[in-house]
Amino acid sequence: MKDKIKNFLESDLLESYLIGTTTEMETMKVEQYIAMYPEVREAYNELQESLEIFAKLHAIKSPEGLKEKITARIKSEQVGRRKFFRFAIAASIVAMIFAGSSYFYWDQNQNLQEENSMVSNKIKLLEADMKQQLEDVRNQFIVLNNPSTRKYNVNGNKKAKELKAVAYINPVKKLSYINVSNLPHLPEDQCFQMWAEVNGEMLNLGIIEEAGDSQKLLALPYAENAMGYITIEPKGGNQNPTVDNIVANIAY
Amino acid sequence: MSILLEKHIVELLQERNDKAISLLYDNYGDTLLGVANKVLRNEELAQDVLQESFVKIWKKADSYDPTKAKLFTWLFRITRNTAIDKLRSLNTKTDKEIQIDVSDVYNLGVESTRPEFMDVQEHLDKIEEKYQIVLDALFFQGMTQQEASEELDIPLGTIKSRLKIGLRELRKVYGPAVLLLLLNIV
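Those protein sequences? They're chains V and S, same order as listed. Here the working numbering is used: the first residue of the first sequence is 1, the next is one more, and so on. Here the working numbering is used: the first residue of the second sequence is 1, the next is one more, and so on.
Okay, chain S solo, but in the shape it has when bound:
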């Protein structure tokens, strides 16, 4: 995301110009839908959550502080929290725990096999699964390293080192992935 575009969107948001929502959707919609889907593992529910998240983003626009977080970080927090709330309300409704089964996480969805997402998938494939699992537990499931260690039955030290390597691997794909994503948007 170019810093200029990010700035422009933030300005529009704070002016309460609804063009901001359109721009946010074009630039982050797919990614945020992915975030909601990672938490809920249900695309339909993820779409509902994306809608609710955008309403929250619109209402909370005044509370965004660019000195404290990048725009995406802020959007991610709102979307993830909305998805977690949805998950909790579903759990209390059905009184049935939706188990976080790590083996499900990397099953390819139908959407992911679409041609325009193949490149992204390729990049993801470059990162070994054992690193992805740790990144996923920490970023999407919101586990602490200790919780991930217990949940995944991996020693805490290993979690720590896999996180470090995982992050390094991510940064390796950073350049081309972002370029491709930008090309996709244009």
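Chain V with its partners taken away, still in its complex shape:
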């Protein structure tokens, strides 16, 4: 142990450490020795004192103004730092505001785009719907205006005296329409359903809605000597007409 310390002190690691020329590994070794061995610590402290004395013996009177130059530079260094920090803080605030507003606008843009596509879809649907309706109206007009179209008044039987409908049949164009203008009031769980007997087969033409349909012409499938029926059926319609509940028939 004694030899180890002696060898260490004989080497000039301690002197190199003193003036700061040791490598990282050497520094670790020296600091370990200083911490562990009082002899090394004492030698190090003596060297530190000697260094200070030796350096002081070589002191040079510093020229006038150098101190002011140095303190001014340190002050500007501090101001620069403060300025930099202030700038950094300002810059981060601006960046945060920018990020926040960017997100806000991006989100808004996203919402607007969604709404836009929804609106344009709706417009497309409306357009298609309108075209379809216009086409229907035009066809109806052609049929109704045709000289060979005949008009049949349809009245309900005992079961539905109030039922009134008008059928338009055109045997030349092979088109037929029916306009139900008045329907008797039915209990909630029942509805009127239209049928057409074409070539011996019963075709379901659909339910007649009570409200709003009075102005509407329903297309009927055309056939020679076909029969149209209106029946009362359970709510939601039926697969086959209930013959007992026939309230009107249209022969055309």
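Since the hints were derived computationally from the structure, they do not count as laboratory data. A few of these clues could be false.
Said to hold, decoys possible - BS3-like cross-link-like pairs, simulated, lysine-lysine; straight-line CA separation at most 25 Å:
| no. | chain 1 | residue 1 | chain 2 | residue 2 |
| --- | --- | --- | --- | --- |
| 1 | S | K19 | S | K68 |
| 2 | S | K70 | S | K19 |
| 3 | S | K130 | S | K86 |
| 4 | S | K60 | V | K29 |
| 5 | S | K164 | V | K4 |
| 6 | V | K67 | S | K38 |
| 7 | S | K60 | V | K69 |
| 8 | V | K61 | S | K172 |
| 9 | S | K130 | S | K68 |
| 10 | V | K61 | S | K164 |
| 11 | S | K130 | V | K75 |
| 12 | S | K164 | V | K29 |
| 13 | V | K67 | S | K60 |
| 14 | V | K67 | S | K7 |
| 15 | S | K70 | S | K38 |
| 16 | V | K6 | S | K19 |
| 17 | V | K61 | S | K68 |
| 18 | S | K59 | V | K67 |
| 19 | S | K38 | V | K61 |
| 20 | V | K158 | V | K235 |
| 21 | V | K83 | S | K38 |
| 22 | S | K7 | V | K75 |
| 23 | V | K83 | S | K19 |
| 24 | V | K29 | S | K70 |
| 25 | S | K160 | V | K29 |
| 26 | S | K164 | S | K126 |
| 27 | V | K69 | S | K59 |
| 28 | S | K164 | S | K70 |
| 29 | S | K68 | V | K6 |
| 30 | S | K19 | V | K75 |
| 31 | S | K86 | V | K67 |
| 32 | V | K67 | V | K83 |
| 33 | V | K2 | S | K164 |
Here the structure is a predicted model, which is why all the values come from computation and not from measurement.
Position chain S relative to chain V; hints supplied.
This is chain S only, laid out in the frame that chain V set:
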């Protein structure tokens, strides 16, 4: 340097109070300028180095650990390293080695002959030149003992013994020299 003053300066430094720099300059400025001058052997360059060193001292204040080194040792390391860097950059710039000529080292500068430094010079004169040369090579030039032996053409054993005696001689002048330096500062 009184331990109390040293403590006070370290506290100010770590609080980042620029009064620390003023106190450091008053207490160590001349000595550190001397250190830079010993490395560069040019007073003007040494003044530049002193400025740069103080900026480094200010910036690195957090890294100073009083348990590892005295304040002066830390200041010395920074100043010496800054001076060595300057020397290297000058050498690469001019591509001309500045030879470390030992005979130059003890030529008295103009500054050293000023009356207030005469006492210091007297103390230095008390130490025989052969010891001073070894101390100078090791402390200022940063040579290892082996390098000093080769550079100065003196056997390694002689270097070792001269270092020992040199250090002992230094400690002899320690008392009066420090007292005088303190008187100079006050």
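**Asked** Is S:K164 close enough to V:K4, meaning Cα to Cα at most 25 Å?
**Response** holds (19 Å)
**Asked** Is it true that the CA of V:K6 sits at most 25 Å from the CA of S:K19?
**Response** The hint is violated at about 43 Å.
**Item:** 25 Å Cα cutoff - pair V:K69, S:K59
**Value:** holds (17 Å)
**Asked** Would the pair S:K70 and S:K19 pass a check requiring their Cα atoms to be no farther apart than 25 Å?
**Response** holds (20 Å)
**Message:** Tell me if the straight-line CA distance from V:K61 to S:K164 falls inside 25 Å.
**Reply:** violated (29 Å)
**Message:** Check the hint pairing S:K164 with S:K70 against an upper bound of 25 Å on the C-alpha distance.
**Reply:** holds (21 Å)
**Given pair status - V:K83, V:K67, alpha carbons within 25 Å** = Satisfied, since the Cα-Cα distance of roughly 24 Å is no more than 25 Å.
**Message:** Please verify whether V:K61 and S:K68 have alpha carbons no more than 25 Å apart.
**Reply:** Violated, at about 29 Å.
**Asked** Given the hint that S:K59 pairs with V:K67, does the C-alpha gap stay at or below 25 Å?
**Response** Roughly 17 Å separates the two Cα atoms, so the pair holds.
**Proposed proximity, S:K38 with S:K70 (alpha carbon, max 25 Å)** = holds (21 Å)
**Item:** Pairwise hint evaluation, V:K29 against S:K60, where the allowed Cα distance is 25 Å at most
**Value:** Satisfied, since the Cα-Cα distance of roughly 23 Å is no more than 25 Å.
**Asked** Does S:K164 pair with V:K29 here, judged by a C-alpha cut-off of 25 Å?
**Response** Holds. S:K164 to V:K29 sits at ~23 Å (cutoff 25 Å).
The structure does not agree with the numbered hints 3, 9, 10, 11, 16, 17, 21 stated previously, though it agrees with the rest.
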